[in-house]
Every structure is written in C-alpha cells, then in structure tokens.
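Q: What follows is each chain in one-letter form.
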Amino acid sequence: MRNLSILSVDDEKKFTELLKQYFEVRGYDIDVTYDGFSALELLTRKKYDVVLLDLKMAGINGDEVMRRTKKLYPDMRVIFISAYCDSGKTKDRMLEEGVYAYVEKPIESLKDLEVLVNKAAARGGLEKGGDNAKTAGC
Amino acid sequence: MDIFRISCIVGVICNLSLTIFLIAFRGKKKELSTLLFAGVTFSSCMWNLGAFMFTGFPQASYNMAFFWMQFAYTGAIFTAVLFFHFIVRYLNLNRKYLMVLIYGASLVCTYFNWYDRSRYFLGDLRFVSKFQFYWLDALKYKNPLYFAFYVSFFWILVGYGFVLLIQAIRRSTGQTRNKLKFFTFAVAFGWIGANPLFLQAFRIDIYPYANFLVALYPLPAAYAIIRHKVMDIEVVIKKTLIFAGVFAVAFGVFTGVAYLGSIWFENVIKNRWVALVPSVFVIVLILRPLEKFLRDITDKFLFQKQYDYKHLIKTFTKEVLTVIEFNDLVHLTVNKLAEILKLENTLLFLYDAEGEQYRLAASVLEETSGNILTVLEENGSLTEYMRKSREYFLLEGTEQQKNPPPRIQKELQELETALVIPLIHHDNMVGILSLGKKKSDEDFTQDDIDVLLPLANTLSIAITNATLFKELSKAQARAAQREKMAVIGTLSAGINHEICNPLGIARGQCELFLLNMAEGIYKGKSSEELLDKAQEIMRKVIHETDRATLITRKLSSFAKPAKGEVLDNISLGKEMEVVISLLEHDLKLDNISIIKEIPEKLPNISADRKQLQEIFFNIIRNAVQSIKDTGKIFIRLSSDGKKVYVEIEDTGEGISKHGLNQIFDPFFTTKDPGEGTGLGLYIVKQIVEKNKGTITVRSEHGKGTIFLLTFNVVKPIEEKQ
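Going line by line, the protein sequences match chains A and B. Under my numbering, the residue at position 32 of the first sequence is numbered 32, and the numbers go up by one with no gaps. Add 138 to the 1-based position in the second sequence for my numbering, that's all there is to it.
Note that these hints are calculated values from the structure, not bench results. Where a beta carbon is used, it is the ideal one built from N, C-alpha and C, also for glycine. A portion of the hints provided could be inaccurate.
If you want the ones that stay clear, here's a sample from chain B, every Cβ over 12 Å from chain A, calculated [to be verified]:
1) E636
2) L641
3) G646
4) E649
5) L650
Stretch by stretch, here's where chain B covers chain A in the computed footprint (C-beta under 8 Å, at least three residues) [claimed, not checked]:
6) 21 to 35
7) 88 to 97
8) 100 to 107
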C-alpha cells in the first residue's frame, strides 16, 4: 500500500516545516510549498490525497488555489488551515464550496490533524481511514 | 426779598415747567388725565404768581394787591377742582354728577371772586404788619363762599381725592400699586403745604413757609411721572434734560467767565470784549465732558432702570450667551441675573427628556425659606399651562391679565417666584426661568418684562445650542470609540495571524517532540542527539514566542488610549514606520506593496503621538481598502524647514468628484454596509486640525487618491534643545 500523499501550502515556512517533520517520520509523502503559484504548479504535475492550504497568501490566495484544484481533481480533499478569523464567516463559505475541513490556527493538536487527514483521504476513495476528526477552534 | 416770595418764584418755575413738560410730552394716547394734571400744575402756578405779586405791594397799593389776590385765588380754586377731576379720571371712576356739581360750585366761586369785592368770597385784605404784606382777611365779613370753598374744596374735595387714591392703592397690585404709591406721596407733599396757607386768613399769623412745599411738589411728581411712568408720557425727555443741563451750565460758565474776564480785561487792556475769547475757549473745553457727565447722571439717577438694563443686556450678549459650554452657560445666566437685577432667588429649570420633567439646572438662593422645588413634572399643572399659554406669569400681578390661574398658584408659591418666564425655542419649551422678588421689594415693571422677554428668547437659543453642543460632543466621543473598535477589528485580523502562527508553531514543535518520544520514533537515538533535538526545539519555541510578544507590544503601544493630549516632539518618519509595520503583513497578503520615501533627517513636529498614529493608520487602511486587486501605496515625507509634508498615494479606485466634497463629512462612506462607519476621515480631519495640521485630498476616479498632510515644524530653538 502506497503512502498517503499530502501537499502543505503555507507562507509561514516554519509551519510547513513542522508539518513535514511530523508527517514524514510517520510514513506520509509530504510536499511543502510557500505560495499559491508553486502550489498550483505542483498540483498540475501530481495529484495528492490531501491538500493542506493556508487561506491568506501573497500572490494567489488559498481559496483561489482550492478552486483551480477542484477543477483539476474534483474529488480531491482540501483542508484549510488558517489564522484568518472572522467569527466563522469565511469558514462557512469555504465549507459550502466543498472544502473538507477548516482548521483554525493555532492548531490544537498535530495528532488530531493526522486523524483528520486520514479521514479525508478515506473519503477520497482510499482504504485508509480515521475516526471522528476534530477540528480545532480559533 | 421775602422768603415767601422766593418760594413763590420757585413755585412758578417748577409748576410752569411741569405744565409745559406734561403738555409737550403727552403720549400718543393723549390721555385727558395728563392734561388735567397739567391743569393742576398750571393752577398751582397761578397761585404762586398771584401770591408773588400780592405780597409785593406796600400798604398803599391796596387795589393792586387785591387784584393779584383775586388772581391767586382763581388758581387756588381750580387747583383743587382739577386735582379731584384728575383723580376721578385717572382711576377711571364714574362721578359725573359730582363733577358737574363741583365745576358749578367752582364757577360760582370764581364769579364772586372776580365780580366785585363782594363779601361772599374774598371780602377784604388786611396788611399783616408782621410780614409786611397783604393777606386775605376771611373773618371780617365771614364771607360765606370763601368758607364753602375752604371747607368743601380743600378739606372735602382734596381729602376725598386722597381717600380715592389710597383705596386704589389698596386694590391694586404690582406695578400699578407702585405708581400710585409714589404719585400719591408726591402730590400729598403739595397739599400738605397748601393747608397752612389758610391760617393767615383767619388771622393766625404764622409765616407761610409752607408755600415751599406747594412750590416744590412738582419735583417729586415729575420724578414719579418719569420714573414710574405714572402718566402717559413719552420718555424722550432724557435728551431735553441733558440739553437743558448743558445749556444752563455752559451759559452760567460763559457768563461767569465773560463777566470776570471783562472786569480784568477792562483794567488790563481796556477792552472788555476780549473776555469773550477765553469764555468761548472754556466752553469748548468743557462741553463734551459736561454732556457725558450729565448723561451719566441722568441715566444713573433718573433712569436707573434703563441704566441697569443696558448693563444687563451688555453682560448677557457679551459674557453669557456666547458661552457654549452647557454648565458654564446655565450658571452664568443665573448668577448674572441675580446679580444685576438684585434678586432674592433665581432658578433655571431645564427640560430633561429622560425624566420627562424640568429639572433645576442652576440656582442662586439668597433669601429663601429653603424648601424650593427642584423638579417640575412635565405634566404638572404649571408646566402644562406654561407650555400651552407660552406666557410669563407675574405673581404680584400687573394691570394686564398675566395672573396665573389659582390651581398653579401653589406651585408658584413653592418656587418663591415673582416672575416666571418660559424659555421657548421653536415649538419646544426648553426650560423655565423663575425670578424671585427683587431685594429692593420693588415689583417687576413692564420695562423689566420688555427687556427680560427677548433676553429669555435669546437664552432659549443659547441653551438649545449648548445642549446640542453637549450632545454632539458625546456623539463624537461615541463615534471615536466606534471608530477605534473598527480599527481594532481591522488590526485583529492581522494580529491574530501574527500571533496564532508563532503560537501554533511553538506548540507544534513541543507536541512533535513529545509524540515522537511516545511513539518511539526517537528509538535508537543517543541521549546526546535527543538533547540536541530538544535544544533546537526550545530555541524555536523561544523564537516564536518572542515573535508573538513583539506583535502584542506593537499593538499595545498603538491602541493604548491616550490620557488627554500629550504634545510631544515627534518624528513623523518614526511614527509612520510604526504604523506601516503594523499593517505590513496585511499589505503583503493583499498584494499591496508599500513604497516609502522617508528621509532620515526630518524636523520634528509637535503633536500627540497616538493621534498621529491614528491618522496614518486610518489613511493607509482606507488606501488598502480602495485597492481591489493589486496595487501600490506610496508614502512620501518631506520638509521645507517650516513644514513637514506627508503624502500618501494609492493606486486604488479613487473617489468620485461628488464623494470628494463629502469625504470629510461624518458618516460619509462608499464602503459596503458593515465595512466602514464613515467616520474615519471625519475623525482624521479633526485630529489633524487638533494637531495644527492640514489635510487635503486629490483623487481621480479609477486612478487613485493622494492625501496631503502638512504639519508645522517645531521652532528651531526648541529643536536645538
């Protein structure tokens, strides 16, 4: 069974670094990138099981990346991880647009994030599954 | 000359002057009573003239003395008759038949006075050796008409006249009462003097000094007439009086100087006409100051009221009504009224919309029982009535119908008021002004009211303005608070990002280490390697927490409310950098680049640091919001040594011409509902002006906007320090 592939996009380099450290040692294929353009570039070359996206980024914003990705791979799972906080308005809008989950920074637990990623991947058609995922609050 | 004869001359002058005065200055109504009183003074003048003449003849000139005696008594007869008629007329009494009877009797008396030297009226004269002049001898023939005249006219008519007057005084209130009191006093003066003049006719030879009273009573009478407007007299006499005074003094001085001068010049240069030169010179010198002096004197003594009014109006228009601060205005109003009108108490009630009542806003209580009302209910009978009638109440009453209905008398008494004036602005009764009694115990006159009513109107406007100003200040404070909240809203999005990220990373690093340990991922690593790992993580955590701390520091230095305004020597460049650093992250995310042109050395300005940051923040935030996709914001600072210029230009949407005119108006906004309160630039302008700067804006729709701010440079001397 091949490893789950994850793409983490965040302009906060240290955050992607953290995710990379966590997921790599646990047997995931994780790619990281720091802005919307390079994320789209990577996505056109490769389909990931789960994309972890920051919302507010220079250049192309997370929601734009998400929309283009959905055109390429309508069934791809996108999880937003963002510090953008407007009392849930953006969160609701994103969920409506078909985002799998919206996690607010700071994330409460890496473990929970892993669970969420697995769950998302399982829904994406792969056998690997997780239990109830918990999205963190603001 | 005899003292008696001097009194007669004085009597002629005084009575004749008053007569002329009364006739000349009769008011527009041409009241008969005024004319009748002029008749009284004229008759009195006749008596004095006659008396002056008949006392001037030696014993040999019996006939001449008799003629002037007849003349004098003609005056005497009509003095009484006209006086009585005057009272009847003045008090609006109906005594028609009595009047016919009296005039009939007086004609009979006059007839027998002149017809012959009858024994009916005058009878005979006797030369009073003690006085060295003739006087009437009433006892020689026991002249019946003279007795009738004496007894009935002087004791009954005049006495009855006074009874009528006193009754009228008792009945009347307020102003009328005052008038009558003074007037009665004045004429009683004359009549008391007249009575002893009969004694000599009955051979009781007391020297007739009493005639001085007859001679002088026109003075108090004239005073009462002018001061208390007893008669319908137009007060145009002020100028006349001043003119007369100036003329008299100038003439006196001129003659004096000319006379003395003529003697001196006669002796020195043998030409007395040269004396005219210094006389004219002296007159020219004293004329202006003299006129001013006399005007002040007449104003002060005769027209004391008007003098006070001038003071009152001057004080009010200059000192009181210009005050915009609410509390100062109401207290000044009350204090000045009490001070100038010399009132026992003064109360000012103002409408309080919340309590639906009129509350005591300010008061001066000098003489009071102590239980003054402090609240007048909106639907209380007094307020209700005043609001409807819009009339003032004069508690002591006047001749007009200004007496309050009995149901509110009680409330008025509790206010210990003498005059209540509603303060009405447009259709609202904004307040009630209650004036207590005057300390002098005099009542409010029509003149008082004529001055106080317009004053109250102006006061209503001033109070309304002050109230609005107070509310506006409150609204402005609220708006500023709202705007601050909006600023915090904008900031918090960025700040949240800036704080949440480092916190998330720090937490994640720790969690990662622990999880790796727990899950055995670090199995096989030496303890040294683990220690290195832990140290690396801790460094990262410290770095991230420092980052978070830094941003909170920036925020607190920005949002901390300033305690009042603190003027500082401020470097605009430094403050601008602080603001930019707060917004930088947002700007980057929004694809907006900031291009700064901030020279290193700029003269300092004097301003409030917080307020300055607020200005920059608001303008840059507006610029950011006006840029839809990507854009640039140019920030240029420069100085010409006198001023520092700040230019903030964006490549956003720009503002339409129409919008440009309103851009600094409160609540003007082009933003979607919920995005902006429309107060930002309004407050910015106010703050800029508070810090003695200017702000202008240029904009082209679709191309961008430039804000140009200028601030004065701190004086070079201070800069050196």
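Q: Going through the numbered hints above, which ones does this structure break? Give me the numbers in ascending order.
A: Going through the list in order, the structure violates hints 1, 2, 3, 4, 5, 7 and respects the others.
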